[in-house]
Amino acid sequence: MNLNPFSKRAPTVVDQYGAPGQGSSTAISAITIVIILGGWWLVTHLELIRPLFLPSPELVIAKFNKIACTEYYFEKLLVAVGARAEVEAPCHGFSEHTLHEHIIWSLYRVFTSFFLAVITAIPIGVAMGMSRMARGVFDPPIEFYRPIPPLAYLPLTIIWFGIGESGKLFLIFLACFAPIAINARAGVRSVSIEQIHAAYSMGASRQQVIWQVVIKAALPEILTGMRVAIAFGWTTLVAAEMVAAKAGIGVMVLNAARFLATDIVFLGIVVIGAVAFVFDLLMRKIEKALVPWKGKV
Amino acid sequence: MSVISLNHVAMEFPSLEGIGSVRALDDVNLEFHENEFVVALGASGCGKTTLLNVIAGFLSPTSGEILNKGLPVAGPGRDRGVVFQKHALLPWLNVVENTEFGLKLQGVASDERRARARANLSLVGLSDFERYPIYQLSGGMQQRVGLARALTCDPDMLLMDEPLGALDAFTRENMQELILDVWRKTQKVVFFITHSVEEALFMATRLIVMSPRPGRITHQYELSFCDRFFETGDARSVKSSSEFIKMREEILSIIYGEEVGEQPP
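Heads up: the protein sequence lines correspond to chains A and B, in order. Going by the numbering used here, the first sequence opens with residue 1, and the numbers climb by one from there. Going by the numbering used here, the second sequence opens with residue 1, and the numbers climb by one from there.
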């Protein structure tokens, strides 16, 4: 690989004359990341900005170790292998929970809602694509609520579901539902009529056409919808956890902000970003495995 | 014995202005007999694809009837296999799974359908590509899978809607010979659409020439150039023979004659 970002082109790439944006951008991205992190380190160490506004990277890492109880679990491991008599390091976490407990709570909320959205939105979206009746019924409510920011109907979910888990799940569910349903519907509409005709002329029933042609052909767009939905779910998480949640990454950030613990706010943001990134990577892998023909037909 | 017959079939579409309608097919009478290779030829807009869609059952005619062995045709069915211009294969299935798809829909056991699909794949010369995903095949190979797929359902009739239209000239000529070969071996009735005069003359046992506005059959010819190909095995010499060229010029003058004599709408 050519690591020099200033050479005109990467030699591993076969160029098309005039093709926009050709060449690999990996090396340039790496440099951007280094500059951002280096700049962060530099301005905090030169004390150009007070830690209240911008804590140094070391401070954030130290907070990570404290809230994640790194030392505590390390000592526990040493005890387990018999290298140490007892655990001495304290483990307090933040807001009465360690970092991984916060993460697990948030993951539980996002994925439960996401799962519920997947099993309801895919059939409804496919039905909307297949049938005039279903489209007529579901189109107005979905198109109406879709552009409303979740924060706007957050109070309503509290009135309806109270401050327990179900309201939070419902809020994230709504955020995930629309993109999946709309993409599933678009996927059904994008199925080529020749494929459907071919199936019918081989004696397929309507059920067989739906299950063996339409849903499979719509799969790439359904997966795109799921990718968008999980990102929406994460975005809505903090709003959902604003309401009387005990644990969760969103709660952690909100509580930290209340105490002006900027380092923990930073930590929470980085964790949310990292988890979302990992999940998107995972979805892309799933996409590659499930729909290898995407973009090739 | 006629397999499929069309009696006074007419097809009208609403016009773009919303007033009145466009007559895509006007009083078409046509019979398909056992072991015939019928080619429909005509300029675009002459209703040949509409005619194929009506026979396939994707469109129901405004008036007239289509009979299959005396029984009216309502909708598509596996007695009429279709090969499309765009191959219309299913990209989530590999070559052999695409070929056996029709039998799977009918609930045929997997061993049997695999065997029948393999037999048809070897007929179109794709035995070595069974496991390939279809998007790794060339355009000509994809059309061959489409043909094998239609054959595997064992229809009475094969409907081919410009199956070679998207192929390059060399592949096209090879495919013409392959399709004739398959036709001779399987004894299917074929209805084949093209806008290439040479292709039409070379392949047809019966050629129907269609003309637009309203779409109708204007001329019919009984031809035997394909028999000559079977005797000699030499497509080039058939296509360069003087009778072939004479016939080609006659057909071309019909098609151009119409265009010259046509009034603007």
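Hints are computed from structural coordinates only; laboratory data are not their basis. Incorrect hints may have been included.
Stated by the list, open to error - Quick list of in silico lysine-lysine cross-link-like pairs, DSSO-like style, CA-CA up to 27 Å:
id: 1; chain 1: B; residue 1: Lys104; chain 2: A; residue 2: Lys294
id: 2; chain 1: B; residue 1: Lys86; chain 2: B; residue 2: Lys104
id: 3; chain 1: B; residue 1: Lys86; chain 2: A; residue 2: Lys294
id: 4; chain 1: A; residue 1: Lys296; chain 2: A; residue 2: Lys285
id: 5; chain 1: B; residue 1: Lys104; chain 2: A; residue 2: Lys296
id: 6; chain 1: B; residue 1: Lys86; chain 2: A; residue 2: Lys296
id: 7; chain 1: B; residue 1: Lys104; chain 2: B; residue 2: Lys69
id: 8; chain 1: B; residue 1: Lys104; chain 2: A; residue 2: Lys216
id: 9; chain 1: B; residue 1: Lys86; chain 2: B; residue 2: Lys246
id: 10; chain 1: A; residue 1: Lys216; chain 2: A; residue 2: Lys285
id: 11; chain 1: A; residue 1: Lys288; chain 2: B; residue 2: Lys86
Claimed, not checked - Some, not all, of what chain A presents toward chain B, calculated at C-beta under 8 Å:
id: 12; residue: Arg84
id: 13; residue: Glu86
id: 14; residue: Pro141
id: 15; residue: Ser192
id: 16; residue: Gln195
id: 17; residue: His197
id: 18; residue: Tyr200
id: 19; residue: Ser201
id: 20; residue: Gly203
id: 21; residue: Arg206
id: 22; residue: Val213
id: 23; residue: Trp293
id: 24; residue: Val297
Remember, it's a predicted structure, so these values are computed and weren't measured experimentally. In this text, a Cβ means the ideal position worked out from N, Cα and C, and glycines have one as well.
Given pair status - lysine 69 (chain B), lysine 104 (chain B), alpha carbons within 27 Å: This hinted pair holds, its Cα atoms lying about 26 Å apart.
Chain B contact restraint for arginine 84 (chain A) - C-beta distance below 8 Å: 55 Å, violated
Hint check, tyrosine 200 (chain A) versus chain B [nearest Cβ-Cβ separation less than 8 Å]: Cβ of tyrosine 200 (chain A) sits 4 Å from chain B, so the hint holds.
Agreement of hint serine 192 (chain A) with chain B interface, Cβ distance less than 8 Å: With a minimum Cβ separation of about 7 Å from chain B (threshold 8 Å), the hint on serine 192 (chain A) holds.
Hinted pair lysine 104 (chain B) and lysine 216 (chain A), Cα distance within 27 Å: 16 Å, holds
Agreement of lysine 86 (chain B) and lysine 104 (chain B) with the hint, judged by alpha carbon distance not exceeding 27 Å: The given pair, whose Cα atoms are some 22 Å apart, holds under the 27 Å limit.
Interface hint for glycine 203 (chain A), Cβ within 8 Å of any Cβ on chain B: 4 Å, holds
Lysine 86 (chain B) paired with lysine 296 (chain A) [C-alpha distance capped at 27 Å]: 14 Å, holds
Restraint status (C-alpha distance of lysine 288 (chain A) to lysine 86 (chain B) at most 27 Å): 25 Å, holds
Hint consistency between lysine 104 (chain B) and lysine 294 (chain A) [alpha-carbon to alpha-carbon, up to 27 Å]: This hinted pair holds, its Cα atoms lying about 24 Å apart.
Given hint lysine 246 (chain B) paired with lysine 86 (chain B) - CA-CA distance at most 27 Å: 32 Å, violated
Restraint check for lysine 104 (chain B) with lysine 296 (chain A), where alpha carbons must lie at most 27 Å apart: Roughly 25 Å between the alpha carbons, so the hint for lysine 104 (chain B) and lysine 296 (chain A) holds.
Hints 9, 12, 13, 14, 21 from the earlier list are contradicted by this structure; the remaining hints agree with it.
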